[in-house]
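Student: What follows is the residue order along each chain.
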Amino acid sequence: MLRTDSLEVYGLQPVSFEVAGGECLAVQGPSGSGKTVLLRALADLDPVAGRIFLDGTERNALSGPEWRKRVRYAAAEPGWWGETPREHFAQGEGLDELVTALGLRVAQLDQSIALLSTGERQRMALARAIIDGPCVLLLDEPTGALDAKATAQAERVIKRQLKKGHAVILVSHDPGQVKRLAGRKLTIRGGRVRVSRA
Amino acid sequence: MTQTSYIALTYWDLAMAASLILINGLLSFAFRLGLERTLFVAAIRMTVQLMAIGFVLKFIFIQTSPLWTLGLGLLMVLFAGREAMARQTRRYKGWWAYGLGTGTLLFVGLLGVLFGVGVLIGPDPWHTPRLVLPILGMILGNTLNGISLSLETLTMAAQRERTSIEARIALGATRFEALSVVIRQSLKTGMMPIVNAMAATGIVSLPGMMTGQILAGVDPVEATKYQVLITFLIAGGTALGAFVAVLGGARLLTDERHRLRLDRLEKPVQ
Numbered sequence: 001m002l003r004t005d006s007l008e009v010y011g012l013q014p015v016s017f018e019v020a021g022g023e024c025l026a027v028q029g030p031s032g033s034g035k036t037v038l039l040r041a042l043a044d045l046d047p048v049a050g051r052i053f054l055d056g057t058e059r060n061a062l063s064g065p066e067w068r069k070r071v072r073y074a075a076a077e078p079g080w081w082g083e084t085p086r087e088h089f090a091q092g093e094g095l096d097e098l099v100t101a102l103g104l105r106v107a108q109l110d111q112s113i114a115l116l117s118t119g120e121r122q123r124m125a126l127a128r129a130i131i132d133g134p135c136v137l138l139l140d141e142p143t144g145a146l147d148a149k150a151t152a153q154a155e156r157v158i159k160r161q162l163k164k165g166h167a168v169i170l171v172s173h174d175p176g177q178v179k180r181l182a183g184r185k186l187t188i189r190g191g192r193v194r195v196s197r198a
Numbered sequence: 199m200t201q202t203s204y205i206a207l208t209y210w211d212l213a214m215a216a217s218l219i220l221i222n223g224l225l226s227f228a229f230r231l232g233l234e235r236t237l238f239v240a241a242i243r244m245t246v247q248l249m250a251i252g253f254v255l256k257f258i259f260i261q262t263s264p265l266w267t268l269g270l271g272l273l274m275v276l277f278a279g280r281e282a283m284a285r286q287t288r289r290y291k292g293w294w295a296y297g298l299g300t301g302t303l304l305f306v307g308l309l310g311v312l313f314g315v316g317v318l319i320g321p322d323p324w325h326t327p328r329l330v331l332p333i334l335g336m337i338l339g340n341t342l343n344g345i346s347l348s349l350e351t352l353t354m355a356a357q358r359e360r361t362s363i364e365a366r367i368a369l370g371a372t373r374f375e376a377l378s379v380v381i382r383q384s385l386k387t388g389m390m391p392i393v394n395a396m397a398a399t400g401i402v403s404l405p406g407m408m409t410g411q412i413l414a415g416v417d418p419v420e421a422t423k424y425q426v427l428i429t430f431l432i433a434g435g436t437a438l439g440a441f442v443a444v445l446g447g448a449r450l451l452t453d454e455r456h457r458l459r460l461d462r463l464e465k466p467v468q
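Residue numbers (the numbering used here), protein chains in the order written: chain A, 1 to 198; chain B, 199 to 468.
Honestly, the hints are just simulated from the structure, not real lab data.
Stretches of chain A that chain B covers, calculated by requiring three or more beta carbons in the stretch to come under 8 Å of a beta carbon on chain B:
| # | stretch |
| --- | --- |
| 1 | 44-58 |
| 2 | 72-78 |
Derived Cβ-Cβ restraints for the label pairs, each shown as a range:
| # | chain 1 | residue 1 | chain 2 | residue 2 | range |
| --- | --- | --- | --- | --- | --- |
| 3 | A | Gly56 | B | Leu460 | 28 to 34 Å |
| 4 | B | Gly297 | A | Gly11 | 31 to 37 Å |
| 5 | B | Ser378 | A | Gly56 | 29 to 35 Å |
Stretches of chain B that chain A covers, calculated by requiring three or more beta carbons in the stretch to come under 8 Å of a beta carbon on chain A:
| # | stretch |
| --- | --- |
| 6 | 367-377 |
| 7 | 445-456 |
Note that CB positions come from ideal geometry on N, CA and C, so glycine has one too.
Using the sequences plus the hints, can you model the full thing?
Tutor: Here is the structure:
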């Protein structure tokens, strides 16, 4: 589904790998090793040399916004521009069910974002990234601020996306989570990138 | 215009007025503001610049060729463009630091003079320097203010709101959709001074140009008519200038792939 060809991400040796539909690839490495810049490069948020293909279509064949509607990056620290979470969703269809599956209350969609906890905001951001069904999800520590119960709920939602045939690239510092979700892992160490079984 | 009496000032009168700057100096000294040198330089600069422009204008007013007017007008635009750049905390890298403000000021100044002098006032010849240059100066001075305020807001807010702007971009927004909140803030900030000035004009303050005309002996009602015309020209110029500069600035802050490119800004100027 998503394939990179000698992607030149800042601080890393040229990166080439492939993720199939329905597969979760975990990205691991120490803090500051380049996990986030790799995800940002895949989402075309930073200019990088090298090629990325989505189902055979090269990144530059689509406009930036069109690419990012298909290859979706969810940052570790989500940004908000409206007053309530609902203003941040492109569509309302399936939204109530999705937020409930993530352990949130539907009423919270219309609460002030300032009143939500860090974990609640993180789950809202996950819902926001998923709701319009992007082909590839680039999740940067999506459960970093969640307790065990909320983490399990988020993982169930991520698994559901995988079952639908979407690909997930997941940055996680939790080895247990990597085992539960990912089939393979991409390890970054000293600028070198290695893909192996999870 | 009705000319009545006009009292000419002597250089001695100016020297007496200049003594008032001592109040600023004493305050700075007493409260250790450290502004003495800056005040001194600013006062000297203001005096020399104004005296010089007085002589230059006197020379140009007696020339018949419009090239003199055009030359001085262009020089004013270039200086205003430099000021617009100098007031930015984070300037655009390269030529655009100067080009964006200068280009906008040239466009607005030209349009303002053509409409204000060429169409509305309609002197013969249309390029009469006595009308073109002061009006261009007033349009440039105010538009410069609007442009620099709105560009400052744009670049600083884009930096401050980076996370939310990139969140929108990551969700598939175009560059102008992602920057819409910041663009609105910038336009509002750029237009606020002229909106406030219009509301206060005539009650809280008497504008400088109108006061000058009255002091020079022009009938107050006639002076007011000119002031109204100039204020509308300034308001339109400021709005247009802020709009062009902000849209241009937003375009420069992003690239053709609709990515936020804060790397196109220099490090903050202290």
